[in-house]
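> The chain contents come next:
There are 2 protein chains.
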Amino acid sequence: MNSANSDLIDFKIRHSWHRISRMYNQKAASEQMTMSYGFILMFIERKGTPSTQLGPKMGMEATSLSRTINAMEKDGLLIREVSKNDKRITLVYLTEKGVEKRKLVKKFILDFNERINLKIKKKDLEGFYKVMNVVDDLVDDILEENKLINEKV
Amino acid sequence: MNSANSDLIDFKIRHSWHRISRMYNQKAASEQMTMSYGFILMFIERKGTPSTQLGPKMGMEATSLSRTINAMEKDGLLIREVSKNDKRITLVYLTEKGVEKRKLVKKFILDFNERINLKIKKKDLEGFYKVMNVVDDLVDDILEENKLINEKV
Chain A
1 MNSANSDLID
11 FKIRHSWHRI
21 SRMYNQKAAS
31 EQMTMSYGFI
41 LMFIERKGTP
51 STQLGPKMGM
61 EATSLSRTIN
71 AMEKDGLLIR
81 EVSKNDKRIT
91 LVYLTEKGVE
101 KRKLVKKFIL
111 DFNERINLKI
121 KKKDLEGFYK
131 VMNVVDDLVD
141 DILEENKLIN
151 EKV
Chain B
1 MNSANSDLID
11 FKIRHSWHRI
21 SRMYNQKAAS
31 EQMTMSYGFI
41 LMFIERKGTP
51 STQLGPKMGM
61 EATSLSRTIN
71 AMEKDGLLIR
81 EVSKNDKRIT
91 LVYLTEKGVE
101 KRKLVKKFIL
111 DFNERINLKI
121 KKKDLEGFYK
131 VMNVVDDLVD
141 DILEENKLIN
151 EKV
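Chains A and B, in that order, give the protein sequences.
Start counting the first sequence at 1; every next residue gets the next number (the working numbering).
Start counting the second sequence at 1; every next residue gets the next number (the working numbering).
With the rest of the complex left out, here is chain A (with noise of 0.2 Å):
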C-alpha cells in the first residue's frame, strides 16, 4: 500500500494539510507569532467575539486554545473583558497591534489564494469542491454511524 499511499483522496488532503500548515508556521515565525495566532486573529470580529466560540469556529481544543490567548494578550495582540450585557460571557478584543498583525495575515492568506487561482482553471475548482463537499457529507455520515454504533455497545 506504502507506494499507492499518496494516490489516497485522504492522504493527498493530509499531506497538503501539512504542508500548509508548515509554510504559515513559518512566516508566522518571522512575524514572532505561530499559525494559531494568525487563525485566532482572523476569527475574531470587531464587535468582539465570546471566547467560548473560538474554539468551535476554529476546531481548536478547549486548553490548547486558552494557552494561545493567554499568550496572545501577553503579546499585546487581543484583550479580554467581561460583556456589559451578559456577565457571564466574556468577550475577545483585538488591539490596535492585532488589527496590524490581522492585517498582514489576511493579505497573506489572500495572496496565498490568489496565486493558486491564477494558476487552475475555474473547472477544476469546481471539481474540487466538488469533492471536498462529498467528503465532508461523508465524513459526518461516518462520524454518525459510529456514534450510533458506540452508543449500542
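If you are wondering where the hints come from, they were derived from the structure by calculation, not from laboratory data.
Each hint should be verified, as a subset may be incorrect.
Rough simulated footprint, nothing fancy, chain B against chain A, three-plus residues with beta-carbon under 8 Å [to be verified]:
1. 15-23
2. 131-141
A short, non-exhaustive set of chain A residues, derived as facing chain B with CB atoms under 10 Å [as the list claims (entries may be wrong)]:
3. D7
4. A29
5. S30
6. G59
7. K84
8. K87
9. L91
10. N113
11. N117
12. K121
13. L125
14. E126
15. G127
16. K147
Glycine residues also receive a C-beta, built at the ideal position from the N, C-alpha and C atoms.
Chain A is fixed; fit chain B onto it per the hints.
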C-alpha cells in the same frame, strides 16, 4: 472575511483534514488505538522500516513519533530490532497483532476512499488532483522564497 473563510482553498483543506482526522480518531479509539497508531501501522514495511525513516514519511515530529512508537511497542503492535547489516540502524517490525490491526486500518481507509470515489465524477476528481498539485507546488515555492529571505536577514 469571516463569512468568506470557507471559500478559501486552504481553509477548505484545513477544515476537511480536521473532520477526517476526527473520524479516524473516533474509529481508532474503538480499537484502543489513535489515528497516529493507524498511520504508523500503514507505513511499516514487511522487511522492517528504519525508525528514522518513519518521521519524514509521515510528516510527524521526532518526539511525538518516538512517544507513539514506545506506546505501540508496549501495546504489542510492533517490535524494534537493531539491523543485522548496520548496527547503527534500528528497524521497526509489526507483530502478529500489529499485522491484524494493520488489516483493519487498511480496510477502513480503502472503504472510505471507495465510498468517496463512488460519489464523484472522474473529471471532478481530476480537477481535485490538479488543484492539490498546484497548491503543493506553490507551497514549495513559498517555503523556498521565505528560506532565501530569512537567510538574507
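> All hints, please: hold or fail.
Evaluation of the provided hints:
1. Using a Cβ-Cβ cut-off of 8 Å, 9 residues of the region 15-23 of chain A lie near chain B, which meets the minimum of three, so the contact claim holds.
2. Check result for the region 131-141 of chain A against chain B: holds, 8 residues qualifying (beta carbon to beta carbon below 8 Å, three or more required).
3. Look at D7 of chain A: its Cβ gets to within about 9 Å of chain B, closer than 10 Å, so that hint holds up.
4. Interface restraint check for A29 of chain A: the shortest CB-CB distance to chain B comes to about 9 Å, inside 10 Å, so the restraint holds.
5. The beta carbon of S30 of chain A comes within 7 Å of a beta carbon in chain B, closer than 10 Å, and the hint placing it at the interface holds.
6. This hint holds: G59 of chain A has a C-beta 4 Å from the nearest C-beta of chain B, less than the 10 Å allowed.
7. Given hint, K84 of chain A at the interface with chain B, is violated; its Cβ is 22 Å from that chain's nearest Cβ, farther than 10 Å.
8. Interface restraint check: K87 of chain A against chain B, minimum CB-CB distance 25 Å, threshold 10 Å, status violated.
9. Of the supplied interface hints, the one on L91 of chain A is violated, with its beta-carbon coming no nearer than about 15 Å to a beta-carbon of chain B, more than 10 Å.
10. The restraint placing N113 of chain A at the interface with chain B holds, with a minimum CB-CB distance near 5 Å, inside the 10 Å limit.
11. Annotation: N117 of chain A was flagged as interfacial toward chain B, and the flag holds, the nearest CB pair being 8 Å apart, inside 10 Å.
12. Below 10 Å, beta-carbon pairs count as interface contacts, and K121 of chain A has one with chain B at about 8 Å; its hint therefore holds.
13. For L125 of chain A, the interface hint holds, since its Cβ comes within 10 Å of a Cβ in chain B; the closest pair sits about 6 Å apart.
14. Residue-level restraint check for E126 of chain A holds (minimum Cβ-Cβ distance to chain B is 6 Å; threshold 10 Å).
15. Proximity of G127 of chain A to chain B holds as hinted, the smallest CB-CB distance being about 2 Å (cut-off 10 Å).
16. A cut of 10 Å between beta carbons decides the hint on K147 of chain A: the least distance to chain B is about 8 Å, and the hint holds.
The structure fails to meet hints 7, 8 and 9 from the earlier list, while all remaining hints are met.
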